[in-house]
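So the sequences go chain by chain: F and W.
Per this note's numbering: the first sequence = residues 1 to 426.
Per this note's numbering: the second sequence = residues 427 to 577.
Treat the hints with caution; some may be incorrect.
[What the hints assert, rightly or not] Covered stretches of chain W, as calculated for chain F (at least 3 residues, CB under 8 Å):
1) 432 to 445
2) 474 to 481
3) 514 to 526
[Claimed, not checked] Computed footprint of chain W on chain F; a stretch qualifies when at least three of its residues, placed anywhere within it, have a C-beta under 8 Å from a C-beta of chain W:
4) 74 to 82
5) 205 to 215
6) 218 to 232
No lab work stands behind these hints: they were computed from the structure.
Ideal Cβ positions, reconstructed from N, Cα and C, are used throughout, including at glycine.
Now for the letters of each chain:
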Amino acid sequence: MVGTHSSQHVPPPAPAGTAGPTVAVVGSGPSGCYVAQFLAKTWPDSEITVFESLPAPYGLIRYGVAADHQGTKGVVRQFDRLFTRGGIRFAGNVTVGRDIGFARLAASFDVVVLATGLPGDRELDVPRDPRARVVGAGALLRALNGFPHHGLPRTPLGSRVLVVGIGNVALDVLRLLSKDSEAFTGSDIDDELLGQLRPARPAVLDVVARSDASGAKCDAAMLRELIALDGVDIGAPGLGDQDRGPVADLLRTCAVPAREEPGRTRVTFHFGLVPESVTTRDGRTVLTARRRDGGEPVEFVTDSVVTAIGFTHGAAQDDGCPGPDWADDHVYRVGWLSRGPRGTIAENRKHAQRVVRSIVDDFEAGRITAGRPGFAGVADLLACRVVGFRDWQRIEAAEERSARPGRCRRKITDLDRMLALATGAH
Amino acid sequence: MNELIVLFGTESGNAELVADDISAALQEKGTAVRVADMEDYAVDDLGEADMVVLVVSTYGEGDLPDTAAPFHDALVEAKPDLSGVRFAAFGLGDSTYETYNLGVATLRATFTALGATQIGETGYHDADSGLNPSDVAVAWVSTVLAVATPS
Ligand SMILES: Cc1cc2nc3c(=O)[nH]c(=O)nc-3n(C[C@H](O)[C@H](O)[C@H](O)COP(=O)(O)OP(=O)(O)OC[C@H]3O[C@@H](n4cnc5c(N)ncnc54)[C@H](O)[C@@H]3O)c2cc1C
Ligand SMILES: Cc1cc2nc3c(=O)[nH]c(=O)nc-3n(C[C@H](O)[C@H](O)[C@H](O)COP(=O)(O)O)c2cc1C
Chain F
1 MVGTHSSQHV PPPAPAGTAG PTVAVVGSGP SGCYVAQFLA KTWPDSEITV FESLPAPYGL
61 IRYGVAADHQ GTKGVVRQFD RLFTRGGIRF AGNVTVGRDI GFARLAASFD VVVLATGLPG
121 DRELDVPRDP RARVVGAGAL LRALNGFPHH GLPRTPLGSR VLVVGIGNVA LDVLRLLSKD
181 SEAFTGSDID DELLGQLRPA RPAVLDVVAR SDASGAKCDA AMLRELIALD GVDIGAPGLG
241 DQDRGPVADL LRTCAVPARE EPGRTRVTFH FGLVPESVTT RDGRTVLTAR RRDGGEPVEF
301 VTDSVVTAIG FTHGAAQDDG CPGPDWADDH VYRVGWLSRG PRGTIAENRK HAQRVVRSIV
361 DDFEAGRITA GRPGFAGVAD LLACRVVGFR DWQRIEAAEE RSARPGRCRR KITDLDRMLA
421 LATGAH
Chain W
427 MNELIVLFGT ESGNAELVAD DISAALQEKG TAVRVADMED YAVDDLGEAD MVVLVVSTYG
487 EGDLPDTAAP FHDALVEAKP DLSGVRFAAF GLGDSTYETY NLGVATLRAT FTALGATQIG
547 ETGYHDADSG LNPSDVAVAW VSTVLAVATP S
């Protein structure tokens, strides 16, 4: 069992006469790294490789968790330890499905754990004018988090922005858009993108949520953080006495009457509204919604709409996206890929613990066996492209060296430059 | 001192790393140390250790992390006599929350109410500080142990 060995602090020995199994973990987000961590503790003799598409590790901890929440990003210290002292191999810049076929991987490792997450923004399922400005929250947060991809939003969102959804990701969007640049001290926000996307704080941020305030999915602490920002005024029209729960209580106490004041951001929460269409008028984006309980449609004329309504798989034609055929007796799934786009970093730890327990059970019961070569079985394919952990640390050192004043690092957003730094050829 | 036990309660693993590093630092000084997850630890065994170091984070609205809550519930339920137990306490939290480090405060209060004696000051790590929790904890534990084992 995974849990008890740590209380002895002496992991159980690998089965007599065998070296530990060889393990491939695909994806270095929290779920993949926790799996590697628990497996390494249970099977100190196993050879574990974590494959990652990017030259940089840690998935959404690096590119999702908001740049101004460095405390949360601190969990990567555990994982750094795995790769620097724990004997686990980081194979960055390798996309399984593209750089190495799934079948080849599965043939080379005794255990394969898929931890590739859910990279796409779920789209608003309503008729939509293609000229409308609609941006996914995941793409927006990746942009502000220095994600190395050219296809991310870069042009100003405008002074009236509408956010669909009221989960923690929606709250991240609201906070990041309404925070003064100076308030990002200590963060690793991408200042260039912040300046391009948001040359000035929006005057109006409308939040449209299907649920009522009692059903809001965000944590009260997240809402409190937004409310406490300088220059932010909160409105919550239609909040009823029947609305219960911490979100409703908070909004009731902090809502103020509408007033237009230059330089301030007015955040208005609209509950019980179901989006019906996104159209355009005079070059602006118009979201039409209807009250859940009927009545006239409500129109919001905005500069852009940000959807924060969940995450999905990447495009169907994306070879790096696990399909149904990425399966076998010795192949496991963990994290968002397996559970759907819900749950915090900590929930991935619990899930990883369960998955590792079933891997170990399967091995002890003989349902999976050791004997495949592991990394040696794929090394020839990948030799010239793998970014190892030391290589990544060169990139990281460069990011820390080039941090602007008041920032903890300046992420490198150009893949070629990352690779040049990784190989020491900069 | 015979054996010292470092008990951790965690949700995202930071407290486990801290517990491991406290243990390593103490072992270097020749102290026998065992690290255990509160999740797997029976409260009846608490009397066996000469000294317990509690390392725990805070979640939700000032709650104990998932792995520590059952341990705490068991203490409250079974009310073991801890009058022979000496303990030190280290909390991991984030000062952007109003309920900063309440988790360790809860656990400390329960230990004390059951008769245990706290050694030294409670240590704290603030995730918002940017400091490495292990550095803070290892520095803290050496001052606590100076109190525990006056030479
Ligand atoms: C915007 C946003 C903010 C969030 N903020 C918080 C927060 O503050 N606190 C919190 O606890 N949780 C937060 N979460 C939730 C948290 O990020 C997730 O629970 C967690 O990251 C899911 O982990 P994962 O390992 O399953 O997936 P991911 O983190 O997405 O990791 C998947 C990894 O797999 C890699 N990959 C994908 N395909 C391949 C392939 N074919 N080959 C190799 N590698 C591949 C990807 O590059 C990526 O690195 C946030 C989520 C989002 C979207
Ligand atoms: C959802 C959530 C809620 C939290 N609530 C609190 C809190 O109420 N008080 C506090 O001091 N810290 C709080 N924290 C911060 C954690 O205690 C801190 O990140 C700690 O380092 C986590 O340690 P762990 O990995 O051992 O669980 C919270 C963190 C999260 C993600």
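These are the hints, each one checked on the structure:
{"no.": "1", "hint": "432 to 445", "in the structure": "holds (count 6)"}
{"no.": "2", "hint": "474 to 481", "in the structure": "violated (count 0)"}
{"no.": "3", "hint": "514 to 526", "in the structure": "holds (count 4)"}
{"no.": "4", "hint": "74 to 82", "in the structure": "holds (count 5)"}
{"no.": "5", "hint": "205 to 215", "in the structure": "violated (count 0)"}
{"no.": "6", "hint": "218 to 232", "in the structure": "holds (count 4)"}
Checked against the numbered hints above, the structure breaks hints 2 and 5 and satisfies the rest.
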